[in-house]
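Visitor: With the hints as extra help, turn the sequences into a complete structure.
Quick note, the sequences are listed as chains A and B, same order. The opening residue of the first sequence carries number 173 in our numbering; numbering runs sequentially from there. The opening residue of the second sequence carries number 585 in our numbering; numbering runs sequentially from there.
If you're looking for bench data, these hints aren't it; they were derived computationally from the structure. Everything numeric in this text was worked out from a predicted model, so none of it was measured. Even for Gly, the Cβ is constructed at its ideal location relative to N, Cα and C. Do not take every clue at face value.
With the Cβ distance kept under 10 angstroms, some of the chain A side facing chain B (calculated, not the full set) [as the list claims (entries may be wrong)]: (1) Glu175; (2) Ile176; (3) Val185; (4) Leu187; (5) Tyr189; (6) Phe193; (7) Phe194.
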Amino acid sequence: MWEIPLIIVIGLVALGYLIIFFIRQSKKKSICMDCPYADECKKHDSDRFNKS
Amino acid sequence: MVDYKGYRINIVDLPGIYSITAYSLEEIVTRNFIINEKPDVVIDVVDSSNLERNLYLATQLMELGVPLILAFNMTDIVKKSGKKIDIVLLSELLGASIVEMVGSKGLGSKELLESVIRVAKRKKEKKVELQYGREVENEISRIISVLKEQKALIFNFDVRWIAVKLLEQDREIIDTIKKAFGPKYSKIDETVMSSIKHITSILRDPPEVIIADSRYGFIKGALLEAYKETGSERLDRSEKIDRILTNRILGIPIFAIIIWLMFQFVFSLGKYPAGWLELGFEKLSILVTNVVPQGLLRSLLVDGIISGVGGVITFTPNIILLFFAIAILEDSGYMARAAFVMDRVMHKIGLHGKSFIPLVIGFGCTVPAYMGSRILENKKDRLVTMHINTFMSCGARLPVYILFAGAFFPAAAGNVIFSIYFIGIIIAVIMAKILRATRFKGESDPFVMELPAYRIPTIKGIMIHTWERAWMYVKKAGTIILAITILMWILFTFPMIGSNYSKDYTGQIEEIEQSYKSGEITDPEHHREITAVEAEMAGERLAYSAAGRMGRFLEPVFKPLGFDWKMVVATISGVAAKEVIVSTMSTLYSIQGTGEESDSLKVALNEHYTPLVGYNFMLFTLLYFPCMAAMVMFRKEAGTKEMLFQIGYTLLLAWVVSFLVFQIGRIFIK
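Guide: Laid out in structure tokens, this is it:
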């Protein structure tokens, strides 16, 4: 079944992404999940929308 | 020069001013003396009969961080007019010693000298930091980053103070930085100008007006707590509105009604675009089903990715409407009133004003709420606030509520969601009282609730904030939630059952086909029986999988709550991110779904659970500990022991409450 190796690769990529994401976030002052629910979490994105 | 109790006190009389902006020579002279000469104590003589005007200078001195004494002069006039100042409370709120005086009669001089000695000997000053509102604070942070980047720090000044002065376009500070740092100033100037432009476009006033308003808001908040006036006076528009909105009796019911209306708005309006999105994802599923051959890849695409991620993205319209409503409430100035009203409740449960700030942040996300608890200097206040913060239902739980409320209570979904938030607040209040009486006994510190002036929100400001958040929600769905959904699909699919079914389903299907061919059963009967057998097979495949085994193993613990193993697995997946509960349920019921039509998740939920179980699941989601990222932050802020306590007690509370609701509910609801 050719699908099984493909599923394994996709799964490993997803797992790898999550591990790298958490490691990067844990090194920051505020570990977060890139949530949109609080201003404090979106501060790093606010510059994109500050059009002067 | 004064000699007092062995101390020689050198008193410098500075020009009489109402503020220390750099508009006049007197103001510049006073400010420069304070900054350059670094006096051991600064005494601000305040006319007590006009506190609101005279405390403005005090707020600016507070910003400078100088050791401050406020000499409240003419207190005899205040007393004669029937007004009353709670000096102790006001002193705590302002972070400065206050001495009552009647200068004309020499009253209070000794107390003032005692205070001077006490303050001069104090090594560390408690600094009260004024907040200028979300937009201005964001720009202050930007300017501070650039100042640090450019190493443009002038050592006599606090960097935050410099940033505020730059936003106010203080000529003296600008000239000082230009002279000291030459070409570096152009980068700073560029940032400051863009900040000023942004603030002016969003709030319709330049930063110096907003900052001045914030200072007056701070003073108003402090005086509302500590200054009692009798008799009628001419009120401005904000004060007239505040008489109703912050009224001791009406304040909380009005707040509750406004929040209820917000949920009605979010759900009633949002269900239409959410329905279109749901239909869109269903069509996409059918398309992929027709194009991709049957097999694991198709299942991953349809049952995993499209159902799982689509299940979360479907709620984007509701989330947008929620952010829109919150932006209006915040930008208009009402949220500060709500905070003030709730502050009274906080006092009653042994938590004071500062606790409300992280709790309000917790309605957005628990991670910054835990970080925000740092503003509480008292450790017990901080820990209690953090421990009850999880009951301030975070934004990530909202898709779960919308799904279940929409599935089981379509006609009253807004009311049901409101009840969940309300229950969360009640439980937070109860737990705060219990924690304060047991594990974390002690007094709380008072705090000023700032009351900024009311404003008409700008459409531009609201649309920018709403769009930013909507984009981040979709981005999170397409990244973190997508990755987790793929992993959940793998856990629900492997190991594969192969031929290890408990029954001979193939044989059963053959029998049904034969009965249909021979005309013994009709077409609808044939379809129904085949569907039932295939559903049973799908159920066994799911139960055989890794996630299924884990769910079945834990199911006995949750059975008394009315939950089956699928709900258990969904709850566990919520530890990664609460929205994943929705994508897990979507994936589960999509894998389980049979036939060519794709049944909606709401229909599937209705078939498998009762409304009581649905509501109970929402309660459990509300009460158990927040996501993994929040727990990591909790550990960073409070230590492993407190984190484990939080996990343990919230799980236990969630279980007990859900158990009681289900067992008692079953008696009355069949």
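Visitor: Determine for every hint whether it applies to the structure shown.
Guide: Structure-based check of each hint:
1. A hinted interface residue such as Glu175 (chain A) counts as satisfied when its beta carbon comes closer than 10 angstroms to some beta carbon of chain B; here the least separation is about 4 angstroms, so the hint holds.
2. Evaluation of the Ile176 (chain A) hint against chain B yields a held restraint, the C-beta minimum of about 7 angstroms falling below 10 angstroms.
3. Annotation: interface hint on Val185 (chain A) holds; nearest CB of chain B at approximately 8 angstroms, less than 10 angstroms.
4. Hint on Leu187 (chain A) holds. Least Cβ distance to chain B is approximately 6 angstroms, under the 10 angstroms limit.
5. Here the hint on Tyr189 (chain A) is kept, as its CB sits about 5 angstroms from the closest CB of chain B, short of 10 angstroms.
6. Because the smallest distance between the Cβ of Phe193 (chain A) and any Cβ of chain B comes to about 7 angstroms, under 10 angstroms, the interface hint for this residue holds.
7. Because the beta carbon of Phe194 (chain A) sits about 8 angstroms from the nearest beta carbon in chain B, less than 10 angstroms, this interface hint is met.
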